[in-house]
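Participant: Heads up: the protein sequence lines correspond to chains A and B, in order.
Per this note's numbering, residue 122 is the first one in the first sequence, and the count goes up by one each step.
Per this note's numbering, residue 620 is the first one in the second sequence, and the count goes up by one each step.
Keep in mind that the hints are not guaranteed to be accurate.
Unchecked claim - Below, in silico cross-link-like pairs of lysine to aspartate or glutamate (EDC-like), each with a Cα-Cα straight-line distance of 20 Å or less: (1) A:K405 / B:E682; (2) A:K404 / B:E771; (3) A:K405 / B:E635; (4) A:K371 / A:E200.
Stated by the list, open to error - Not close to chain A: a few residues of chain B, all C-beta gaps over 10 Å, as computed: (5) V703; (6) A705; (7) S710; (8) S712; (9) G715; (10) S730; (11) V734; (12) L800; (13) S805.
Worth flagging that the hints you see were computed from the coordinates, not collected in a lab.
Note that the structure is predicted; figures quoted are calculated from it, not measured.
Each residue gets a CB set at the ideal place from its N, CA and C atoms; glycine is no exception.
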Amino acid sequence: MKNGLQNPRAGYEAPAGVTHGKDAEQAEIYTLLSGIEQRYGYDFTHYSPASLKRRLERALAQTGLTRFTDLLARLLRDEACFDAFLETMSVTVTEMFRDPAFYRAVREHVVPVLRTYPFVKIWHAGCATGEEVYSMALLLHEEAFLDRVRIYATDFNKHSLDTAAEGVYSARQMAAYEANYREAGGKGDFSEYYSPGYGRAKIKDFLKERTTFSYHNLVTDGVFGEMNLICCRNVLIYFDKTLQDSVLYKFSESLRHGGFLCLGNKESLNFTAVKPLFAAVDKKERIYRKCGAPYAV
Amino acid sequence: MRYEAVVIGVSAGGIEALKVILPALPAAFPLPVAIVQHRNRRSDGFLASYLDHISAIAVREAEDKEPLLPGHAYLAPAGYHLLVEAGPSFSLSNEGHVNYSCPSVDVLFESAADVFGASLIGIVLTGANADGARGLKDIKDKGGIAIVQNPESAQAPAMPQAALAATRADFVAGLEQIAPLLVRLSSVNFREAYGTNG
C-alpha cells in the first residue's frame, strides 16, 4: 500500500510469497509486539522489521527463553523484566561530536541564521545518553549565543535520560571525544568543558543550564511547538517507512517556517513523503530547512 | 524460480577482490548486489565511487530505505550494518558490533535470507576473520546458493575457510570465475537445472 499512514499495521504485514515457517515466526513477533503495546503502551510494530528482529532475538536470549510468546507471557506480568527489555530495544550508541563534519556544517550553515534570532528553540529528539546534546550546547557556547537558546532533549529510555541529565561520562571516553571536537572545528580547550575526577568527567553546569531533558516517545507522543532546529540523528533508521513519514510530519509541524532539520549521516528525506516540504541546505551532512511548500500528500 | 539478489561479504583484501568481480558484470546484470566490505568507520564514499567508475553496473553506498534495483551494487556505509527488508529495500542500523564488525556480513546475510529465502545467492570472499560463516549457513539452510572464494586463492583465507567449515558450499571458485558464474546463475536456476540439493 502506497500510503501506509492509513494502515497502522502495515509494518508487520507478511511480505508476499513467504513460506509457512516464516509466517509462524512473524505471527509470534506480531503477537509479542501487540501484547507489549496493550500492556505498556510502547508501539514497536512500525520499527524496521529486520533490525527489530535482531534486537528481539537478543532480548529473548537474555531471558533464557526460546519463544517470543513465552517472552510475552513474562513481560506482561513482570515490570522489571520489561524495563530490561526496553533497554535492549533502545539503541544508545552515541558519542560527543559524532560525525565531526556535521558539526562543521552546523557552524557554517545553521549558526549564521540562528544567531540572528532573539530566542532559539532546539529539539533534540532521541537524545540517548546526551553526548550529542552537550556537543551542540558546547558549539553554541563557542558561537556565543547559548544564553539565548533553550534545548529540549527527549528520549523514550528513562535510564538514558537519567545519564544524560547527570552528564557524567568516563574520562577515557572524553579523551577520545577531544579528537572529534578538534575535527568538528572546536575553538577552545576541550578540557575546560568538564570537571575530571575519579576516572570520570562531569559536564560543566553552564553547558547544562539551557537544556531540559524529558521523556517523549516519538511513536506515540505529539508535536513540540515552534522549534527553530530539530536534531534527530540515527533514530529514523530504526523505523519503517510508515513510521518515518509519521515522525517526519511531526517534525515538520513542530518546526517554524525556515526551521532546520538535521538527520543522521546516512538518513535522508529521499525515500519519504515529506521530501517536498523541505529544501536541502547541506546534502552530504543531511541538513534540511522547512520551506513551507503545501502538503503534497 | 529465478534468483532475485546477490549478497557478498568480504574483508581483508576486499578492494582487490571487488575490483575483479564488479567490473566483470555486464550493465544488464539482472540482479541487485549488496556488499559488506569491512573497513574503517571513518572511510568515506571513495570506495563506492571508485568501483562505480570502473564497473558497467552502478555501484554506490546504500541509503536507508533505498529500494534494491537490478544492475546495481550497494556497499554498506562504513560504521553501519546493512539489512534487507521486505520490498525489497535496505535499512541501516548502528546498534553496535557483530563479530567485532560494523557493518557485519552475518547481519546482511541473515536479513537477506529472511526476505529472499531460496532465491538468494550468497558469496564469502577473502578476509581474516569468521564473519559471514553463520550467515552463509543461514542462506544455505533456507535453500539459497552458497559460493565461497577458494581459500588458496584468497589474500586472507580465514573467512572463506570459516564459511566452508560452517556449511557445504555449492561452488568454491577463484575470483575470476565468480562474475561469469553469477551471470550464468542469473538466467538459470541451479537447483532446478541440475536437480541437486547441494
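Participant: Take the hints in turn and mark each one as holding or not.
Facilitator: Comparing the hints with the structure gives:
| no. | hint | result |
| --- | --- | --- |
| 1 | A:K405 / B:E682 | 12 Å, holds |
| 2 | A:K404 / B:E771 | 44 Å, violated |
| 3 | A:K405 / B:E635 | 27 Å, violated |
| 4 | A:K371 / A:E200 | 30 Å, violated |
| 5 | V703 | 6 Å, violated |
| 6 | A705 | 3 Å, violated |
| 7 | S710 | 4 Å, violated |
| 8 | S712 | 4 Å, violated |
| 9 | G715 | 6 Å, violated |
| 10 | S730 | 4 Å, violated |
| 11 | V734 | 7 Å, violated |
| 12 | L800 | 25 Å, holds |
| 13 | S805 | 19 Å, holds |
Violated hints for the displayed structure, listed by number in ascending order: 2, 3, 4, 5, 6, 7, 8, 9, 10 and 11.
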